[in-house]
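Participant: First to last, the sequence lines map onto chains A and B. Under my numbering, the very last position in the first sequence is 481; numbers go up by exactly one each time. Under my numbering, the very last position in the second sequence is 308; numbers go up by exactly one each time.
Keep in mind that the hints were calculated from the coordinates and are not lab data. Honestly, I wouldn't trust all of these hints.
Said to hold, decoys possible - Here are the computed lysine-lysine pairs in the BS3-like style, where the Cα-Cα straight-line distance is at most 27 Å:
#1 LYS285(A) <-> LYS73(B)
#2 LYS354(A) <-> LYS342(A)
#3 LYS354(A) <-> LYS285(A)
#4 LYS66(B) <-> LYS285(A)
#5 LYS285(A) <-> LYS309(A)
#6 LYS309(A) <-> LYS342(A)
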Amino acid sequence: MIRIENLVKTFGAKRAVDGISFSVERGEVLGFLGPNGAGKSTTMRMVTGFMPPTSGKVSIGGHDVAESPLAAKRLIGYLPENAASYPDMTVHGFLNFAAELRGLDGAARRKAVGHVVELCFLESVLRQSIDTLSKGYKHRTCLAQALIHDPQVLVMDEPTDGLDPNQKHEVRNLIRELGKDKAIVFSTHILEEVDAACTRAIIIDRGRIVANGTPQELRAMSDLAGAVTLQARGASLERLSSLGRVEPVNGAFRIYPNDKSKAAELAQAVVELVNLHGWKVEGMYSERGELDEVFRRITLPDTAKKT
Amino acid sequence: MKAVWTIAKRELVAYFTSPVAYIFLVIFLLLTGFFTFTAGSFFERGEASLAAFFGWHPWLFLVLVPAVGMRVWAEERRSGTIELLLTMPIAPWQAILAKFLASWAFLAVALVLTFPAVITVNLLGSPDNGIIAAGYLGSFLLAGAYLAVTCMTSAMTRNQVVALILSVVICLFLILAGFNPVTDLLTRWASPALVDTVAAFSVVTHFDGFQRGVIDARDLLFFLSVIGFALFATGVVIRGHRSG
Chain A
175 MIRIENLVKT FGAKRAVDGI SFSVERGEVL GFLGPNGAGK STTMRMVTGF MPPTSGKVSI
235 GGHDVAESPL AAKRLIGYLP ENAASYPDMT VHGFLNFAAE LRGLDGAARR KAVGHVVELC
295 FLESVLRQSI DTLSKGYKHR TCLAQALIHD PQVLVMDEPT DGLDPNQKHE VRNLIRELGK
355 DKAIVFSTHI LEEVDAACTR AIIIDRGRIV ANGTPQELRA MSDLAGAVTL QARGASLERL
415 SSLGRVEPVN GAFRIYPNDK SKAAELAQAV VELVNLHGWK VEGMYSERGE LDEVFRRITL
475 PDTAKKT
Chain B
65 MKAVWTIAKR ELVAYFTSPV AYIFLVIFLL LTGFFTFTAG SFFERGEASL AAFFGWHPWL
125 FLVLVPAVGM RVWAEERRSG TIELLLTMPI APWQAILAKF LASWAFLAVA LVLTFPAVIT
185 VNLLGSPDNG IIAAGYLGSF LLAGAYLAVT CMTSAMTRNQ VVALILSVVI CLFLILAGFN
245 PVTDLLTRWA SPALVDTVAA FSVVTHFDGF QRGVIDARDL LFFLSVIGFA LFATGVVIRG
305 HRSG
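Start from the sequences, fold in the hints, and give me the full structure.
Facilitator: As structure tokens, this is what we get:
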């Protein structure tokens with residue numbers, strides 16, 4: 175549904191987006207990760223047709239955004255950064271305005287507005303003006319606007335920014351639910367969101383894609399992935415080091431495999447060692463790897479890569 | 065055209081849901097009253113016309129019209145709603161035209177509310193109501209020209225005050241180019257042809273005809289082309305800062 179080829183955007187001498195290509199099909203939820211200023215918002219603005227790219231192509235459902243912008247825009251629902259909306263309007267007025275601009279009239283409009291109000295839990299604030307709403311409600315109002323025409327493509331710029339943990343949870347569930355029959359791209363810098371909602375994630379840094387894969391694949395890039403942490407009375411560093419590199423952590427030992435692909439065998443080897451020496455095991459687990467470690471490692475400048 | 069209507073309707077409702085609209089209307093009516101009857105010495109003139117009323121409009125509008133139009137784009141840019149609006153399935157020109165028309169309609173409401181002046185002059189004497197109608201048309205076009213300039217400056221910045229000041233300066237130039245004290249000054253060292261050319265760019269030169277009851281196609285064309293040009297420039301400015 176979304177196809178992006180070699181997208182470049184320069185602001186003066188700065189290359190904000192530097193040759194990004196990816197595609198998202200129906201049923202996929204793509205998480206767009208990256209530090210602040212990495213080019214996430216700029217990319218989304220080009221996808222939605224707000225900004226023309228310096229070079230490269232964006233096509234939505236087969237419509238080139240530059241050549242047939244209206245056809246492409248019709249397929250997209252967009253939640254801009256900070257969930258901008260008109261503060262002087264009521265929620266009801268705002269949703270009707272969005273529906274009217276999307277070409278919905280009469281009964282179809284009433285039905286569409288009713289549907290998104292239910293979906294985003296806006297019933298109780300329908301007649302309130304938007305500037306009197308809490309941040310969570312403002313956010314959901316803008317999200318409702320993006321969903322009003324049941325778009326095939328949903329683009330969201332930090333959809334959970336500024337929400338409380340309960341609201342974040344709701345929005346993530348909603349994204350996962352919607353992702354079953356839509357192509358969704360959303361940006362975030364909260365890594366747990368990738369696990370909670372994405373089928374695939376892209377990490378970008380200084381305008382370039384630095385990692386692309388499922389959350390599991392990204393996690394496996396971590397140094398930690400496949401390591402075994404053992405907490406056992408009697409265990410000694412010397413004995414364990416025969417299995418691989420060992421590091422003491424808070425009274426336990428973490429054993430890193432020499433070869434990542436043999437992680438399962440490492441766990442078995444640790445168990446055998448424990449049995450051989452009769453250590454009393456208090457805890458033992460295999461590490462899956464941590465996303466934030468991967469994120470830090472690939473987005474920090476080389477000098478800061480240590481630790 | 066439907067999108068234009070949808071956006072214009074929203075803009076117009078936005079004017080009347082904020083207190084600013086009512087404050088503006090009151091100030092506008094108080095000032096026109098003051099300028100017509102006190103500063104314009106309406107009663108001392110001893111003539112049944114609204115010359116004292118219309119004569120002040122280029123100056124009165126100079127501050128009031130930019131005050132109405134300054135928020136049009138600056139506010140959209142400041143709050144980020146411009147991103148929402150321009151990613152809707154509409155062409156940018158539709159949004160530009162809609163916003164202009166909504167503000168122009170608001171100014172038309174303000175002008176209509178000056179009707180007591182027409183009643184007064186009709187009660188006191190028997191004026192030529194054709195001249196008055198032409199005067200209103202001229203005033204409406206004048207307001208439109210200032211407004212289009214304000215739309216353009218409003219698109220240039222996210223700060224409403226900057227938009228206000230810029231448009232006042234530009235509109236002041238549009239007045240002064242044909243303002244008698246200035247043209248007199250110019251004739252001392254410039255050729256009459258040059259002075260006339262400069263004066264042809266002035267709103268005052270073209271507004272005068274309407275006040276005398278003459279609706280000249282060239283004057284109509286002048287105002288409509290100022291509006292058209294300024295709105296076109298608005299489109300260029302908006303496209304400019306989207307492409308960075």
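Participant: Would you mind marking each hint as holding or not holding in the structure?
Facilitator: The hints, checked one at a time:
{"no.": "1", "hint": "LYS285(A) <-> LYS73(B)", "result": "holds (22 Å)"}
{"no.": "2", "hint": "LYS354(A) <-> LYS342(A)", "result": "holds (19 Å)"}
{"no.": "3", "hint": "LYS354(A) <-> LYS285(A)", "result": "holds (22 Å)"}
{"no.": "4", "hint": "LYS66(B) <-> LYS285(A)", "result": "holds (20 Å)"}
{"no.": "5", "hint": "LYS285(A) <-> LYS309(A)", "result": "holds (26 Å)"}
{"no.": "6", "hint": "LYS309(A) <-> LYS342(A)", "result": "holds (12 Å)"}
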